[in-house]
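J.: All chains should be modelled from the sequences, with the hints used to inform the complete structure.
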Amino acid sequence: MRKAFVKHVKRFPWLTNVALYGCLFAGGDFVHQLFSRNDKMDWRHTRNVAVVAFSFHGNFNFFWMRFLERRFPGNSVRMVVRKLFLDQTTAAPLATSVFYTGVSFLEGKEDIFQDWREKFLNTYKTGLMFWPFMQFLNFSMVPLYMRTTFTGCCAFVWATFLCFSRQSGDGTANAALAWMFTPKQDTTTEPEAEKLGPKVDQTGPKVDQTGPKLDTEGPKPENPSPKEETNTHR
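All the letters of the sequence shown, read from the start, carry residue numbers 1 to 234 under full-length UniProt numbering.
Derived from the structure by calculation, the hints contain no laboratory data. Heads up, some of the hints might be wrong.
Only pairs whose alpha carbons sit at most 25 Å apart, straight line, appear in this in silico DMTMM-like list of lysine to aspartate or glutamate [what the hints assert, rightly or not]: (1) LYS10 to GLU69; (2) LYS125 to ASP170; (3) LYS125 to ASP115; (4) LYS125 to ASP111; (5) LYS40 to ASP115; (6) LYS40 to ASP170; (7) LYS125 to ASP42; (8) LYS7 to GLU69; (9) LYS40 to GLU107; (10) LYS109 to GLU69.
Pairwise CB distance ranges (calculated) [unchecked claim]: (11) PHE85 to LYS109: 31 to 41 Å; (12) LEU34 to ARG71: 13 to 23 Å; (13) PHE63 to LYS125: 23 to 33 Å; (14) LEU128 to VAL77: 18 to 28 Å; (15) MET141 to MET1: 17 to 27 Å; (16) PHE35 to TYR124: 31 to 41 Å; (17) THR172 to PHE136: 22 to 32 Å; (18) GLU69 to LEU34: 30 to 40 Å.
Since the model is a prediction, treat every value here as computed from it, not as a measurement. By construction, the Cβ of each residue, glycine as well, lies at the ideal position given by its N, Cα and C atoms.
T.: See the structure below:
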C-alpha cells in the first residue's frame with residue numbers, strides 16, 4: 001500500500017499533495033471542535049477552513065516547496081538553513097494572514113482584518129516555537145514530492161491551534177493549553193434541563209411541627225337572640 005501511495009504521489013504530485021493538505025488542514029478544525037465539546041458541530045466553519053486550505057494553503061505550499069528547492073538545491077545544513085529562514089520570514093506570515101482574513105471574508109464579516117490585527121503577532125510568535133523544527137525535518141529528510149504532504153500533517157496540528165485562536169483564543173500557546181486541559185463547566189440551560197426530566201426531591205416529605213390550629217372563638221350561634229327577633233318585627 002505504501003508503494004502504491006508513493007507511486008500515486010509521483011504520478012499526480014500536485015493533485016495528491018494539495019488534496020491531502022486540504023483534508024488534513026480542515027481536519028484540524030474538526031479536532032478543535034471535538035476538544036471544545038460543543039453540543040453541535042459547526043460544519044459551516046469547517047467548510048470555510050477547508051475552502052481556504054484547498055484554494056490557497058495547499059497550492060501555495062506545493063509551489064513554494066519547489067521554488068525553495070530550485071533556489072537552494074540539496075539538503076546540506078547550509079541550504080536547509082537558507083530554506084528555513086526564507087520560509088519563516090515569508091511563507092509563515094503570509095499563510096497566517098490569509099487564514100485569518102480568508103475565513104473572516106467567507107463568514108461575511110464587515111472588518112475582515114479584525115482577527116488579524118488582534119492575533120497575528122501572537123500567532124506568528126507561537127508558530128516560531130513549532131514550524132522551524134518541523135520544516136527543518138522536512139527540508140533535510142523528506143523528498144520533494146512528499147514535502148507538501150508532510151507539511152499538511154504538521155498543519156493538522158497547527159490548524160487545530162489556529163481555529164481555537166480565531167474563535168476564542170488570543171494566539172498564544174498558554175491560552176491553547178489552558179483551553180485543552182480546563183474541564184468544561186455545566187452550562188445546561190433551563191429548557192435543556194426540562195428535557196432531562198423532573199428533578200427528584202430526595203429530602204423526604206416535610207413534617208408540619210406546628211400542630212393543629214385551635215379555634216378559640218367558640219361556636220357561632222345559628223339563630224338570633226329573642227331581643228334581636230323583637231327588633232326585627234317593629
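J.: Compare the structure with each hint and give your call.
T.: Hint by hint, here is what the structure shows:
no., hint, in the structure
1, LYS10 to GLU69, "holds (17 Å)"
2, LYS125 to ASP170, "holds (12 Å)"
3, LYS125 to ASP115, "holds (16 Å)"
4, LYS125 to ASP111, "holds (23 Å)"
5, LYS40 to ASP115, "holds (24 Å)"
6, LYS40 to ASP170, "holds (23 Å)"
7, LYS125 to ASP42, "violated (28 Å)"
8, LYS7 to GLU69, "holds (21 Å)"
9, LYS40 to GLU107, "holds (18 Å)"
10, LYS109 to GLU69, "violated (38 Å)"
11, PHE85 to LYS109: 31 to 41 Å, "holds (34 Å)"
12, LEU34 to ARG71: 13 to 23 Å, "violated (40 Å)"
13, PHE63 to LYS125: 23 to 33 Å, "holds (27 Å)"
14, LEU128 to VAL77: 18 to 28 Å, "holds (20 Å)"
15, MET141 to MET1: 17 to 27 Å, "holds (21 Å)"
16, PHE35 to TYR124: 31 to 41 Å, "violated (22 Å)"
17, THR172 to PHE136: 22 to 32 Å, "holds (23 Å)"
18, GLU69 to LEU34: 30 to 40 Å, "holds (36 Å)"
In terms of the numbered hints stated before, the structure departs from hints 7, 10, 12, 16, listed from lowest to highest.
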